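K.L.:
All chains should be built: construct the whole structure from the sequences, respecting the hints.
Sequence order for the protein chains is A and B. So the mapping is simple: this note's numbering equals the position in the first sequence, first residue as 1, plus 44. So the mapping is simple: this note's numbering equals the position in the second sequence, first residue as 1, plus 80.
In case anyone wonders, no lab produced these hints; they're calculated from the structure. A portion of the hints provided could be inaccurate.
Which bits of chain A does chain B cover? Going by a derived footprint, with three or more residues having C-beta under 8 Å, they are [what the hints assert, rightly or not]:
#1 76-84
#2 100-108
#3 164-178
Not everything, but these chain B residues come out facing chain A in the computed CB check (under 8 Å) [claimed, not checked]:
#4 Pro458
#5 Leu488
#6 Gly489
Examples of chain A residues toward chain B, derived with CB under 8 Å [stated by the list, open to error]:
#7 Tyr51
#8 Met56
#9 Lys60
#10 Leu92
Source: prediction; values computed, not measured. Note that CB positions come from ideal geometry on N, CA and C, so glycine has one too.
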Amino acid sequence: MDLNAIYTQLIMEHNKSSHNKRDLENPDIIERGHNPSCGDDITLELKLNNNTIEDASFVGHGCAISQASTSIMIDLIKGLSIAEALDLVETFIGMIKKEIIDDSELEKLEDAIALKNISNMPARVKCAVLAWHTLKEAIAKGHES
Amino acid sequence: MHNFDPEIIKNDFPILNQKVNGKRLVYLDNGATTQKPNQVINSMKDYCLSSHGNPHRGAHQLSIKATEEYDLAKETVRAFINASSIEEIIFTKGATESLNLLALSYGMENVKENDEIVIAISEHHSNILPWQRVAKLKGAKLNYLYLNDEGRITTEEIKNKINDKTKIVSIAHMSNVLGTIHPIKEIVDYAHSIGAIVIIDGAQSTPHIKVDVQDLDADFFVFSAHKLMGPMGIGVLYGKKELLEEMSPFLLGGDMIEYVTEQEATFAPLPFKFEAGTQNVEGAVGLKAAIEYIKYIGIDNITEHEKKLTEYTMDKLLSIPYVNIQGPKNMENKAGIISFTIDDVHPHDTATILDSYGVAIRSGHHCAQPLMKYLNIPATSRISFYLYNTMEDVEQLIDGIKNVRKWLGYGS
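P.N.:
Right, dumping it as C-alpha cells:
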C-alpha cells in the first residue's frame, strides 16, 4: 500500500479546507450519513431550485478520506441537476467498486478521481463512499417529500 | 518457564513472522483478538485427526473420546478461574452470548418494574444492549456508573448509583478502551450489601491478569477464548451454582434435557441445562490448550511484561506534544491497553498510516459508543499488548506515530 497514492495533496487540501463545511440557510434537504463501525458522521445539506442543486454543504466529522470525499463531491454537484448528480454518484461508486474501468467514463468525476486508489484499500472504502451514499439517500427522500 | 522472553515466545506464533506492507509485522490489536500459538493450533488439529465425535451421545469410541476432551477442557477452565465445581462452568459462543444468556435467563426472571440495573459508561456494547432490552421490557431503569477525569470509577460513584432498587450490577473487569481495571471487589462488596448480584465481564481481564472468581465473589463471570490465544466461537459463563440452578434454560434443544414428552420437558442438571445442541468441542480443546499455554508461561509473567511495555509506551507517547492519551496516565490499576488521539488527525487515518508501517492497531469507537460520547470524542486509536510483544514493537509503533501528522500534511 502506497500512502502517497492515498493521502495526496488534493485530499489533504480538501480535508483541511472548510469552504464546504458550514450550515446552509433554510436547506431543502438535510441528510445524515454515518459509518457506525468507525464513527464517520456527516450531515449533508442541500438547497434546491426546482431540479437543480443550487447550494450544498456539510457538517460533522470523520477521517481525512471521508471529509475530503464529501468536500470534493459538494464542489462537483453545485449547479447540477438532480439527475446529473445521481449519475455522478453511480459513476463514483462504480469507480470505487472497480466496475467502471474506462478512464474516459470517469472524467466527469474531475477531482473525485483522486479517490480512485481507495478501491485498493478495502478497510477505507466505506469512508470514501459515505458522502455519495448520503447524497443518494438525500435525493431519494427529497423526491418523496 | 524461568526466564520470560517474548522473543522466544514469538517462535510459538508463526503468524507473527511475516511482513506487512514490506515491514516487520507488529501486532498490537490484542484487545480485539489474540494470535494462536502452535500449541493451540496443533491441539485442535490433533483432536480433529484422532478424537472427533459427537460428545455425550454415542457409545462408540470417538464419541467417548470427544466427551473426555470436552470434560477435560471444562475442568481446565474451572481450575483456571478457580470455580468451585465443574457444574458452574458453561460453554457458550463467547462473552457476548454469555451476557445475553444472563440478561434473558436471569435478568428477565428477576428484574421487576422500577428495579434498577447498573452498568458502567465504559461498557462494551455487549454489556449494554442486553440490559437495555431487559430494562425496556421490564420497565426498569438502566443506571450508569460514570468515570472520573482519570477514567476510573470512584467509591462515591459506586455509592451514588448502587442502591436498594439495584438488582443487577454488570460491569467489565477491565475497560477495552481505556485499560482501566475497575474496583471490582469494592463494587461486589457494596452490591452484595444491598442484595444485588454482580456480573463481571472478564473478556479483557482474563487473558492478562489472574482471575479468581471465588476471591472476587463474582455471582457470574464471562469471557471469550479468542482473546486469550484460543479459538473464536467459544467462551465461558461462570455462575454460582445456586443462581444457575434457579435460572431457566437459555436455548432449548438436544442434550439439555432429562425427559421429554409430547407436551412437557424436564431439564438436564448443570451445566448441561445451558448447553443445548452440539457443542464446539474443537473450540473447547483449543481453549484448554490456550489455558495450558498461559499456565506454562505464567499469568503473572504476562501481567508484568505487559506492564513494562505499557509504561514504556506511555512515557514515549506522553513526550509527544500532539498525542493525547485517554484514561489513566499511570499504571495503577491499568493494564496493557492505551487509547489515544493525535491532534488534527482522525484515528482511522492514524490506523491506515500505522498499517503502512507494519503496525496493526485498532481505531474507531471500540464497540463503546456511549463512552466515546461521554469522553466527547468520535473515536480513538487503541494499542493493546500481549505476551509476544517486544520493545522493538514499541519502537516501530512510536516511529510510525511520529510520522502520522507528516503524511497528513502537517509539519510534525
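K.L.:
Classify the hint on Pro458/B as holds or violated, based on whether any CB of chain A lies nearer than 8 Å to its CB.
P.N.:
4 Å, holds
K.L.:
Verify the coverage statement for the segment 164-178 of chain A against chain B, using a C-beta to C-beta distance below 8 Å and requiring 3 or more qualifying residues.
P.N.:
The restraint on the segment 164-178 of chain A holds, since 4 of its residues have a Cβ under 8 Å from chain B and three suffice.
K.L.:
Verify the interface restraint on Tyr51/A: the C-beta must sit less than 8 Å from at least one C-beta of chain B.
P.N.:
At 5 Å from the nearest chain B Cβ, Tyr51/A passes the 8 Å test, so the hint holds.
K.L.:
For the segment 76-84 of chain A, does the count of residues with a C-beta closer than 8 Å to a C-beta of chain B reach 3?
P.N.:
Our answer is that it holds, as 4 residues pass the Cβ test (under 8 Å) against chain B, meeting three.
K.L.:
Can the segment 100-108 of chain A be counted as covered by chain B under the rule of three residues or more with Cβ-Cβ separation shorter than 8 Å?
P.N.:
Holds, because 4 residues of the segment 100-108 of chain A bring their Cβ atoms closer than 8 Å to Cβ atoms of chain B.
K.L.:
Would you settle whether the hint for Leu92/A is holds or violated, based on the nearest Cβ-Cβ distance to chain B being less than 8 Å?
P.N.:
30 Å, violated
K.L.:
Given Lys60/A was flagged as interface, is its beta-carbon under 8 Å from a beta-carbon of chain B?
P.N.:
Nearest chain B Cβ about 7 Å off; hint holds.
K.L.:
Regarding the hint that Leu488/B lies at the interface with chain A, is the smallest CB-CB distance below 8 Å?
P.N.:
6 Å, holds
K.L.:
Closer than 8 Å between Cβ atoms is the bar; does Gly489/B clear it against chain A? Give me holds or violated.
P.N.:
4 Å, holds
K.L.:
Minimum Cβ distance from Met56/A to chain B below 8 Å?
P.N.:
4 Å, holds
Against the hints set out earlier in the document, a violation occurs for number 10 only.
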